[in-house]
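Chain by chain, the residues:
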Amino acid sequence: MISSTVLIHPTTWFLMGAVLLPLLNKREKLKKTVLIGIPIIAFTLIHWLPDSFGQVSYLGFDLVFGRVDQLTRVFLHVFTIMAIIGCIYGLHVKETGQHIAAFLYVGGSLGVTLCGDYLTLFIFWELMAFASTFLVWYRKKRRSIDAGFRYLLVHTAGGLVLLAGIFLRYKNVHDLSFVQIATNGATFADYLIMIGFMLNAAVPPIHAWLPDAYPEASVTGAVFMCAFTTKTAVYVLARGFPGFEALAILGAIMTVYGVGYAAIENDARRILAYHIVSQVGYMVCGIGIGTAMAVNGAISHAYAHIIYKALLFMGAGAVLEMTGTSKLNELGGLYKRMPLAMIFTVIGGISISGFPLTSGFVSKSMIIAAAGESHRIGLLLMMTLAAVGTFLSVGIKLPYFIWFGKDSGVKAKDAPWNMNLAMGIAAFLCFFIGIYPEYLYKMLPFPVNYHPYTSYHLAETMQLLGFTGLGFFIMVKKLKPKPKMNLDLDWFYRKGARVFMRFASRPVLSSDSWINDVYRSIGLRLTMALAKAISWFDWEGIDWTIDGSARGVVEGGNRLRSLMTGKIQHYIGGALALTFIILILVMLV
Amino acid sequence: MLLRILNYLNEHSLMLKRIFFVFLALFVVFDFSAARHAPHFFGDSIIGFWSLFGLIGCLGLIIVFKGLSHVWLEKKEDYYDK
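Residue numbers (numbering that gives the first Met the number 0), protein chains in the order written: chain A, 0 to 588; chain B, 0 to 81.
Among the hints, erroneous ones may be present.
Stated by the list, open to error - Straight-line distance between alpha carbons at most 30 Å, and here's what the computed DSSO-like set of lysine-lysine pairs gives: (1) A:326 - B:75; (2) A:326 - A:494; (3) A:326 - B:65; (4) B:81 - A:481; (5) A:140 - B:74; (6) A:410 - A:139; (7) A:140 - A:483; (8) B:16 - A:139; (9) A:476 - B:65; (10) B:74 - A:405; (11) A:479 - A:335; (12) A:139 - B:81; (13) B:75 - A:476; (14) B:75 - A:410; (15) A:405 - B:75; (16) B:65 - A:25; (17) A:139 - A:326; (18) A:25 - B:75; (19) B:75 - A:139; (20) A:140 - B:75; (21) A:326 - B:74; (22) B:65 - A:405; (23) B:74 - A:483; (24) B:74 - A:476; (25) B:75 - A:531; (26) B:74 - A:477; (27) B:74 - A:93; (28) B:81 - A:494; (29) A:25 - A:335; (30) B:75 - A:477; (31) B:16 - A:494.
Hints were generated in silico from the structure; no laboratory data involved.
Hey, can you work out the whole structure from these sequences and the hints?
Here is the structure:
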């Protein structure tokens, strides 16, 4: 009975896969079977989940590993589909460590989606942050190593804020269950939790980690990362904080902020990263508005967004993999050499812009319409402006300067079959959802009374998109990409930290040398006397009792040293095995 | 096959431009016939409002953010490495 509870949790399968993968290093075929098989098992499994499972009482806390309702189901559905697509896309990658990191990351994300209490949430939350850092590091460039460390530090800080909120909340209400928080009863603790969630949703001013880290991640790593971190944060916000005014306003600001930066950046993957900020803004805003239609819109937009954003990242990743660069100023005229990647990326581009018949059209408009129905005209206009900017930068600018424009003469050919297959599946889903929105709508938590294909909505969209296109061609010379980067708020911890260090180092240095002097004149003498006393005691009394155990420690240390192979994948494997064992123990006890 | 179509389109950019303008005109004409149920605010009842919004919004975004980038935000790529 207990073992079936463990096995029905999709995270278990990803953790098992992560343990299994390093053992299959030499057996390519089996490894690939596991890589594709486990996400497919997880996808099948989520249709059979009971409403509630895996309740564990541990140290007086009630942990809930499985709480399943309509909101959970729709996110699980898209997360597992995304895992399948991402694994197909990364099938050619030889480094097992990257696959392990991706599996742990997806497992963490599914764990967060399923958990019913804050403690379990926190554990899986940190697993995600930890595992995704490796997806950045596996790019193995100097810049990615640095970016990975910054990513990890920012997320650790966010995690601590979240943990502080959880502790304070426990102190206030003596209950850790993760449920909706009423807008009028929210305390300081709840706001801390919300800030922890908002950091992962990349809400300004705590968004800069995203455009900092994602463009430096490995090609397949970025595809996973763009789907899971921010959308898991959208899920927890939708679960805990619908109707909070701060989210509505910050979300609307996010949408415009993201597209603004996307319009001026040069690196294709950085443009796409800023677009995550913008698109997640729609979802955050929808959650903030809080009506049934707005929350429905936010969730359906998360669903559609995961697929088309992954498609865009896959397209940009394919270009990076094949040409070695993703900078627009070094690309151009690639349509002759990578026509398939071009078609897929353009499909992603028109989906994110919300062309009729694509997934963006049926999801984004729902949030905007919900803003209109709640008479939030300011939010409505900001989101519509962001839609204009989206089409400008991802719909036209990105494809234009990569595939058309001036031919750069960069050598390239179409990507491997598995990359194209993954992009094909994602592109198909973009159209499928756009043409049969009921498929998506019937998964949503609230009944849907919204019809995207009205003549007015079509007229509005076509005018917006058409005249944005006109605007682009008027200004195309101004938009010519340059090999530059733009400052963002990460300046404060990248440059500001150095200024702080320079100031701080002087007092620290002088006080340090003063303490040294004091120590040399007084402390040293004291220590010597103390040492003499202790050594006498040691010699006379303890030596022979301790000697035996000391020898034991030395031996144990040697054995441990032989375990430290210095290979990062072994460490992850080990850490994972340990986590897994603990998980099983907790479930069984 | 695919390449040939793309090459053909690339060589006939003037034709594409004309088609594009015809479509723009059609979108505005279509707006006359669109049924307006429950307009959310005054913009929803003006014909061609979203055309103007799209064009001005697009130009505005480019001017504001390119301007910001030009005078303040833009730095060399190795700015943080130094």
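For this session: Find the hints from earlier in the document that the structure breaks and name them by number, from lowest to highest.
Result: 8, 16, 18, 25, 27, 29, 31
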